[in-house]
Structures are given as C-alpha cells and as structure tokens.
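Read off the chains here:
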Amino acid sequence: MNPLPVLVLLPVTGGGLAWLAARIRPHSARPSARDASWWTVLATLIGETLVLAMVTFHHTDHAGPWLEHFAAPWIPVMGIAFRLDIDGLSLSMIWLSLVLCFLCAFLAPRQDTTGAGTFHFLFLATLTGIIGTFLATDLFLFFFFWELMLVPMFVLIATWGHEDRQRAAMKFFMFTQGSGLVMLLSILGLVMTHYRATGVLTFDYFTLSRTPLSPALSMLLMLGFFIAFAVKLPVVPVHVWLPDAHTQAPTAASVLLAGIMLKTGGYGMIRFDVMLFPDAASRFAPVAMALGVVGILYGAWMSCMQDDVKRLIAYGSISHMGFVLSGIFGGSAMGMQGAIVQMLAHGLGTGALFLIAGAIQDRMHTRDMRRIGGLWAVMPRLSGTGLFFAVASLGMPGLGNFVGEFLVLLAIWHASPIIATLAATGLILAAIYALRMVNRIFLAAPRADLRPVRDFPARQMAVFACVMAFMIVLGLYPQPFMTFSTPAPLSVTAMPRPEGSAP
Amino acid sequence: MTGHDLFLPTPFLVICAGLMVMLAVTAWRRSVGRSFSCAVGTLLLVLATVGRHAGTLPEDGGSLFIQDQWTTCTAILIVFSSLCILLMSWRDAMHDRDAPVDEYPLLLMLGTLGALSMVFSVNYMPFFLGLEILGISLMGLVAFGHRPAMAGHEAAMKYLILSGVSSAILLFGIGLAYGVTGSLRFMPPVAGRDVPTALSVVATVMILVGMFFKLSTVPFHMWLPDVMEGAPVPVAAFVAVVSKIAIFSSLVRYFGTGEQPVFVNDILYVVIVLTIMGGNLLALRQVSLTRLMACSSIAHVGYLLIAFICPGHLQSRAITIYLAAYTASTLGVFAVMTAFATTAGPDGTVIAQWKGLFFSHPFLASAMSLMLLSLAGIPPGIGFFAKFEVAATGVEQQRGVLLCVLVIGSIIGLYYYLNIIRVMMSVPSLPPVRVTRHVRPELTALVIVLTIIVVIGGLFPARALHPFLPSPAVASGMRDGTVH
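These protein sequences, in sequence, are chains P and E.
By our numbering, the letter at position 273 of the first sequence is numbered 273, and the numbering carries on one by one without gaps.
By our numbering, the letter at position 342 of the second sequence is numbered 342, and the numbering carries on one by one without gaps.
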C-alpha cells in the first residue's frame with residue numbers, strides 16, 4: 001500500500017475521529033472525557049510519524065531522488081490526477097510539520113472552553129492541507145490543498161483567537177486567497193500553453209516542466225506563482241496580514257502559521273518558481289534578493305519597535321523569511337541549502353517562541369512587554385527556554401539559524417556584495433530585538449504586582465529539550481540535513497541543478 | 001403545421017398535464033396539502049421523463065421545440081430547483097391556516113412550465129410565451145409575501161413594470177428579426193441581400209438587451225435586489241435560480257456556443273466587466289441577506305457570461321458545471337435561510353440576525369458556511385471547481401481583462417461571504433433566546449442533500465457531472481441539424 005495518500009488523509013481522518021471522540025460525553029466536566037479527543041490527536045500524530053518514518057527509511061528499488069510516487073485518476077477530462085511525489089525537500093518539511101504538531105499537542109494550552117473536538121479537527125485538517133501542498137505534483141491538486149488549508153486556519157483564528165481575532169482572520173484569508181487566484185491564472189496559463197504546444201491537457205508537474213515558453217511568458221507565469229508564495233512567505237510589501245494573524249491566533253495556530261504555513265511559501269518558491277521557470281527566476285533574482293533584504297531589515301526594524309511579544313516574534317519571522325527569499329533566489333545550491341536549513345531552524349525556533357509567548361500570556365494574561373518583567377525569578381525554566389530560543393533566533397553560532405543565515409549570506413555575497421552587507425546588518429538588528437525581548441521579559445526587575453505562577457513542569461521541559469537538541473544538531477552538524485533535504489531535480493536524467501549553480 | 005410533424009418533449013407534456021390536474025383538484029376542493037403533493041408528484045414525474053420526447057423532429061427545422069443534451073441538463077436543473085423551492089415553502093404554506101395558499105404551488109408550477117418552455121424552444125413563439133408565463137406567475141409569487149404585505153406588493157409592481165418594459169424591448173427586437181429574415185427561428189437574424197445589415201444588428205441588440213434585463217446584468221440590474229427582498233424567501237430563490245437558468249439557457253441556445261459576432265462580443269465584454277464589478281460592489285454594503293444574495297447572483301451571472309464568450313473545448317463543460325454549482329450553492333443558502341426562519345422570531349433576511357449561529361445551531365451554520373464558501377469558490381465546495389473551469393476558459397482564449405475582473409470580483413466577493421461567516425462566528429452578546437422552532441424534517445433533509453451535492457460535486461466533479469456535459473460538437477451539431 002502506498003504511504004503517500006495515507007500521509008495526506010490520515011490527519012483529517014484522525015481529526016474527524018477526534019471530533020467524534022469529543023462528542024461522546026460533551027457535557028462531562030471530568031477532564032478524562034475531554035482528553036479522549038486529545039488522545040485521538042496524539043494517536044493520529046504517532047501514526048503519521050510511523051508512516052513518515054517508513055517512507056524515510058524504506059529503501060525503494062528504483063534509485064533516484066524521488067522517494068515515492070502515487071497517482072490515481074481524479075478528473076480525467078481535464079487531465080487532472082491525484083499525483084503525489086515525495087523527495088527530500090518535502091520529506092524534511094513534513095518532518096518539521098510533525099515535530100511542531102507534537103509540540104502543539106503537548107504544550108499548547110488546551111482550547112477546551114468551546115469545543116475541543118472542533119479545535120482538534122480543524123488543527124488536523126490544516127495539517128492535511130499543509131502536507132498535501134508539500135506532496136502534490138499535480139498543479140490543480142497543489143492549488144486545491146493550497147486553498148483548502150486556509151479554511152480551517154481561518155476558523156481557528158476567528159473562533160479561538162485573541163481580542164481582535166476576526167479582523168485578523170479576514171485579512172489573512174483575503175490576502176492568501178486573493179494571491180492564490182493569481183497563482184491559479186498562472187497555473188492555467190502554463191497548462192494552456194502546454195496544451196497549445198502539444199495538444200495534451202495535463203496538470204502534471206513533470207510534464208509541464210517541459211513546456212516550451214517564451215522568455216516574456218515564462219516571466220509572467222513565474223510572477224503569478226511568485227505573488228502567491230510571496231504573500232505566504234511573506235515578502236515585505238504583502239506581509240500586512242502576518243503580524244495581525246500571528247498575534248491574534250491561538251497559540252497552536254500561531255505555531256502552525258509561523259512554523260509550517262510560512263514554509264509552504266518557501267517550498268512553493270523552490271519547487272514551482274525556481275525549478276519550473278529557472279530562466280525567469282534567474283532573471284528575476286536581483287529583484288527577489290532586494291525584496292529579501294528589504295524584508296530582513298524592515299522585519300527586524302519593526303520587531304525592535306514592538307511592545308507585544310507575539311508581534312515582536314511575528315516581525316522577527318518576516319526578517320528570517322527575508323533570508324529564505326534571498327537564499328532561494330541567490331542563484332546557487334549553497335543559497336538554496338541555506339534557505340532550507342533556515343526554514344527548518346526558523347520553524348523550530350519560532351514555533352517554540354510562540355509556545356513560550358502563549359505560556360506567558362496564559363500565566364500573565366497579557367502580551368504587553370511593558371507589563372511583564374522579571375520572570376526569571378519566578379519561572380526560571382520558562383525563562384531559560386525563552387533565552388535559548390531568543391538567542392537561536394538572533395543567529396548564535398552553533399544553533400540552526402546561524403547555519404542557514406551564514407550559508408545564505410555567503411551565497412548572496414557571490415551575487416552581490418552590497419546586498420550581502422545590507423542583509424548582514426539585519427543580524428545586528430536581530431540581536432537588538434531578541435535581546436531586548438529577553439531583557440524586558442525575563443531579566444528586568446520583577447514587577448511589584450507579580451503574582452505567583454507555575455513554571456513549566458518537567459514533562460514540558462523534556463519536550464522543549466528535544467527541540468533544543470534538534471536546534472543544536474542542526475547548528476553543529478547540518479550536513480546530513482543539507483544533503484537530505486535538497487530538492488529533487490525535475491528529471492533524473494537531466495539533473496539540472498538550481499540555476500547558475502556554484503562552480 | 002400538421003399533426004405528424006409535431007415534436008414535443010415529454011417533460012413539457014407531463015408538466016402541462018400535471019397543471020391541469022392541479023387546476024381540477026383546486027376547483028374540486030381547496031386543500032394546500034393536496035396541491036403541494038400534486039406539484040411534487042408532477043415534478044418528480046417530469047424529472048423521470050427528462051430526455052424523452054413525443055413525435056419526430058421535422059427535418060426542415062420548422063419545429064417549435066428541440067431536445068438535446070443542453071435542454072436535458074438545464075431542464076434537470078430547473079425541475080430540481082423547483083422541487084427544492086416547493087419543499088422550502090411547504091411548511092410556511094401549511095402553517096398559514098387563515099389564508100389558504102393553494103395557488104402558490106400552482107403559480108410555482110406555471111413558472112416552471114414557462115422556464116421549461118424557454119429551455120426547449122427553438123422558435124420565438126414558445127420562447128416568448130414561456131418568458132411571459134414565467135414573468136406573470138412570478139409576479140403573483142412575489143406578491144405572496146405574508147410579512148408586511150406592502151413590501152411584497154411593491155416588489156411585484158416593480159417586477160411587473162420592469163418585466164413589461166423588457167418584454168416590450170425583446171418583442172420589438174423579435175419583430176425586427178422577423179422583418180429581416182421572415183422566419184421565427186430562434187437564432188440571430190442574418191440580413192439578406194436586400195435588407196440593410198443595420199436592421200439585423202439592431203434586432204439582435206434589442207433581443208440581447210431584453211435578455212440582459214431578465215438576466216439582470218449590470219446596466220439593467222436595478223430591479224433584482226428590490227424584487228428579491230420584497231418576495232418571500234423561497235420565491236427569491238426561484239427568481240435567483242430558475243428564471244436565471246431559463247434565460248441563460250435561451251441565451252446560449254440563441255447565440256450558440258461558437259464565436260460570436262464582433263458587436264455582440266463587444267457588448268458582452270462591457271456588460272461582463274460592469275456586471276462583475278457592479279454586482280460585487282453592490283453586495284459589499286448590504287445588510288439584508290436576500291439583497292446580498294441578489295447582488296451576488298448578479299456577479300455570478302457575470303462569471304457565467306465569461307464562460308459564454310470564451311468559445312473553446314472547455315466552454316460547455318465550464319458553463320454546465322458553473323450553472324450546477326451556482327444552482328446547488330444558491331439553493332443551499334436559501335434552504336438554510338428557510339430552515340433558520342421562525343414564524344414569530346427572526347426570519348433570517350437580515351445578516352445581523354445570524355450572529356452567533358455557530359453556537360446555537362452549529363449544523364445550520366456549517367452548512368451555510370459551506371454554501372457561501374462554495375459561492376466564493378473555495379474548496380471543498382463545487383463552486384471551487386466551477387470557478388476554476390471558468391478561469392480556464394478565459395485563459396484558453398487569453399481574455400486578460402476579463403480574468404483580472406474575475407480575480408478582483410472574486411476577492412471582493414470573498415469579503416462579503418466571509419463577513420457573513422464572521423457574523424455567525426461572533427459570540428452573541430445576549431444569551432440566545434430559545435425560539436420555538438417547528439421540527440422541519442423536509443428542510444433538514446433538503447439542506448443535507450444539497451450539502452452532499454456541493455461537497456461530492458466539489459471533490460469528484462468529473463464523476464458527478466459527466467452525464468450532463470453537452471460536448472460542444474454534439475450540441476451544436478444537433479442544433480445545426482434541426483435549425484437548418
């Protein structure tokens with residue numbers, strides 16, 4: 001039995017079961033009744049992990065970078081099929097998603113005030129959409145999942161978010177969906193060009209990659225894809241939705257948003273912009289790198305200005321994603337690897353930071369840093385964890401972010417020293433905002449009205465310790481991750497490296 | 001015309017016979033229930049006989065009616081919609097003890113008859129008769145509002161006058177067309193040698209304008225929101241769905257699916273841009289859900305027209321699935337509205353009344369959200385695939401402007417659909433007042449059926465819609481065979 005459809009469908013099925021489990025005794029006040037739903041979620045995630053491990057360690061008989069392939073007819077009249085393929089890049093992104101989902105399941109405050117079952121269902125439905133996007137190699141299917149993951153996320157933000165949740169949710173949905181429509185036109189443009197050239201109507205990624213395109217047309221189509229991914233990543237002029245959505249979302253949704261959903265943008269850029277339109281992408285690279293640097297500086301600068309913890313982390317994400325954008329379009333394999341490592345490290349680090357921010361908010365009932373201070377004295381464990389991830393996010397050597405940022409900077413330096421210099425300035429700003437956050441929340445003098453609060457229990461610390469270990473491994477020995485997660489080339493025979501690969 | 005070359009589609013005969021029976025039943029003894037049962041039975045029978053016909057199609061093209069895949073598809077949609085609308089209005093009609101409303105199903109059936117007549121006609125006569133039957137029975141239906149009677153009457157008057165004006169324009173156009181060609185065949189007039197071309201152009205444009213009035217595309221859209229707001233909710237659904245499908249199907253039959261004449265294309269271009277932008281922008285500020293649905297239905301006609309003027313091998317599939325998606329989703333919204341309405345409390349026509357529905361009635365709220373998302377073109381609803389197909393036709397013909405308008409319109413549309421969902425999600429400030437609701441199994445069943453159609457149609461559009469697709473070659477071939 002092919003594991004790929006299982007990977008996609010298992011979370012949503014498990015979500016449905018979790019929803020049912022919560023309905024068995026909905027009015028029971030005993031926590032055990034509520035936990036039935038949570039246990040289902042955990043079982044689903046474990047099952048998903050097992051399947052994924054099978055894919056990872058299963059040695060296929062056919063040698064090649066694509067590990068598994070699945071295809072089933074879906075809408076034959078339109079040449080649309082349920083095509084899924086997995087390579088190292090998708091695999092590492094899915095691993096990241098799963099790790100973060102475990103984090104959420106263990107650490108995020110249970111949303112059991114209103115409908116834990118629904119919450120769990122929506123959470124896992126989003127996961128299905130995300131994993132689907134990472135696996136789909138049929139452009140229609142990709143677009144389907146791309147749109148599908150928005151709906152549950154919208155509901156998560158709009159129902160369980162914080163005070164201004166509905167505006168944030170609307171903004172999130174409108175931005176991503178609107179840009180998605182532009183991508184749809186691009187997809188259709190590519191398909192129709194292929195149809196006119198060959199008479200075959202298909203949405204297959206591999207077939208379409210061989211479409212003969214004029215330079216102008218390929219630029220146009222590439223831009224259509226780029227806009228959608230740029231909104232998701234986000235790139236600076238279209239980042240407006242992100243600070244609101246991340247700040248207002250409930251903790252688990254923030255982790256999903258920052259940790260994985262942003263990565264679908266980066267993934268899409270690698271898979272569909274750079275690999276499908278290599279020429280157009282290399283011509284567009286200067287603009288993209290400039291946008292990336294603007295993002296790095298703007299995000300970091302805005303982050304320094306914030307008083308709201310979650311907003312600070314959100315703007316920090318924009319800054320980190322600037323590195324990813326520059327790396328992807330940096331024009332070398334090194335930049336691409338740097339971008340991927342940066343995505344992995346950012347996913348883990350920011351996910352953890354959002355969890356810590358959520359934990360602080362649960363305990364202090366505010367996200368305003370002016371009203372929080374001196375947590376080190378009362379919550380040493382939480383503060384220590386916070387310090388670790390803050391330092392990781394500023395790019396401390398030895399931790400994951402450093403590797404990513406260093407590789408990206410090195411790659412941009414080959415392309416344009418000025419841009420690289422500017423991007424490096426972002427690291428200084430990153431140090432400022434990260435240390436400022438640490439200083440104000442954890443180290444400042446304790447506030448007089450600080451009530452006694454519970455620190456992280458040992459169980460949660462163990463979970464965080466695992467993530468820290470990941471970060472350190474990623475920082476000290478990134479080579480296996482880098483070789484593992486290289487995107488598979490479109491055709492195994494041609495082996496085109498990403499455009500203009502380093503000599 | 002003699003007896004032996006009479007060609008009649010069976011559904012047409014069945015619905016006429018059913019109407020006779022209903023009239024007889026009403027004359028014998030007035031009973032709302034019996035009247036409704038008769039209507040439902042007739043409609044089911046019509047559904048069963050769609051695709052059959054009596055008599056043979058005359059070779060010379062002198063037939064009044066035609067039967068092909070396109071008629072089958074639209075007839076099924078129309079009859080199915082009428083059936084749904086009957087079910088929606090059943091309980092309200094039964095509830096009204098003091099004023100028996102057994103004319104209501106009769107009028108609804110007459111309207112369906114008119115719509116079917118328009119669908120099946122290939123001659124100006126049955127087309128115009130059908131149009132008038134539909135229009136006049138709709139006027140009666142619109143005035144049926146039992147809430148404030150004045151609103152219903154006002155809407156009915158508005159409808160009467162505007163529909164009269166548009167019929168007059170249409171009729172004048174038909175007259176001119178007859179003058180040009182000397183034939184009543186339902187096709188754009190082609191000027192002969194001794195007739196000025198301008199005459200045929202004027203005739204075509206007048207017919208087009210008449211159809212635009214009925215379709216409520218933007219310069220001619222003013223009546224629709226008012227009429228739908230004044231009408232009872234199920235009748236509003238009838239206006240939004242059945243009459244639009246009928247007139248759209250005639251439009252397609254009239255102009256054919258191929259390349260249009262240049263002036264028709266230009267007019268359509270402008271009308272589409274105006275319709276999509278106008279409909280969506282109008283919908284933005286509405287506080288009444290019926291008005292919002294009216295404006296959104298204007299916009300949807302615009303999307304449909306995009307598929308209409310982009311000939312290509314995707315076209316007929318796009319039109320069919322878009323019609324089906326629009327029908328199912330719109331009917332779904334109206335079904336949820338009727339299920340939500342209470343006789344004493346809020347009737348669900350004002351958006352603010354929907355506040356907190358996710359907490360009081362999660363099932364209704366979820367179904368409503370699904371329908372709205374389907375209308376907005378978000379998966380997993382069928383509307384997603386429909387919009388995808390329409391965009392594909394546009395891309396195939398490289399209509400850049402129309403595609404831009406489609407994208408902008410969809411984004412605006414998404415905003416107001418999401419806004420309703422947002423309202424349903426917001427926590428009610430007051431604890432929900434428990435309004436006694438009648439148990440309405442038929443409405444629940446209807447909502448469930450429509451939900452299943454929307455989801456299955458969205459996930460497996462190929463399987464769900466394959467039989468209806470009139471492949472363009474076959475459809476036009478059959479039409480050519482009959483018309484020439």
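Because the hints were derived from the structure by calculation, they are not lab data.
Any given hint could turn out to be false.
Straight-line alpha carbon distances no greater than 25 Å define the calculated SDA-like cross-link-like pairs of lysine to any residue that follow [stated by the list, open to error]:
| no. | chain 1 | residue 1 | chain 2 | residue 2 |
| --- | --- | --- | --- | --- |
| 1 | P | K171 | P | C304 |
| 2 | P | K171 | E | L251 |
| 3 | P | K171 | P | V182 |
| 4 | E | K158 | E | E132 |
| 5 | E | K355 | P | R23 |
| 6 | E | K355 | E | T444 |
| 7 | P | K171 | E | S366 |
| 8 | E | K355 | P | V182 |
| 9 | P | K171 | E | I420 |
| 10 | P | K171 | E | E132 |
| 11 | P | K171 | E | K158 |
| 12 | P | K171 | E | D347 |
| 13 | E | K158 | E | P311 |
| 14 | P | K171 | P | W66 |
For clarity, every value in this text was computed on a predicted model and none was experimentally measured.
Cross-check of the supplied hints:
1. Between K171 of chain P and C304 of chain P, the direct Cα distance comes to roughly 24 Å. Compliance with the 25 Å bound is thereby established for this hinted pair.
2. Between the alpha carbons of K171 of chain P and L251 of chain E the distance comes to roughly 38 Å, so the proposed pair goes past 25 Å and is violated.
3. Under the criterion of a C-alpha separation no larger than 25 Å, the hint pairing K171 of chain P with V182 of chain P is consistent with the structure, at around 17 Å.
4. Our distance criterion of 25 Å between C-alpha atoms is met by K158 of chain E and E132 of chain E, whose separation comes to about 16 Å.
5. Taking the CA atoms of K355 of chain E and R23 of chain P, the gap is about 24 Å. The hint holds against a cut of 25 Å.
6. Of the pairs offered as hints, the one joining K355 of chain E and T444 of chain E holds, with about 20 Å between alpha carbons and a cut-off of 25 Å not exceeded.
7. Only pairs whose Cα atoms come within 25 Å are accepted, and K171 of chain P paired with S366 of chain E is accepted, the gap being roughly 21 Å.
8. The hinted pair formed by K355 of chain E and V182 of chain P fails the criterion: a straight-line CA distance of about 33 Å is larger than 25 Å.
9. At most 25 Å may separate the alpha-carbon atoms for a hinted pair to count; K171 of chain P and I420 of chain E meet this at roughly 15 Å.
10. Distance restraint check for K171 of chain P and E132 of chain E: the Cα-Cα separation of roughly 46 Å exceeds the 25 Å cut-off, and the hinted pair is therefore not satisfied.
11. Between the alpha carbons of K171 of chain P and K158 of chain E the distance comes to roughly 39 Å, so the proposed pair goes past 25 Å and is violated.
12. Distance check on the hinted pair: K171 of chain P and D347 of chain E sit about 30 Å apart at the alpha-carbon level, beyond 25 Å; violated.
13. Straight-line distance between C-alpha atoms of K158 of chain E and P311 of chain E comes to about 36 Å, which puts the hinted pair past the 25 Å bound.
14. For the proposed pair K171 of chain P and W66 of chain P, the alpha carbon gap of about 37 Å is over 25 Å, so the pair is violated.
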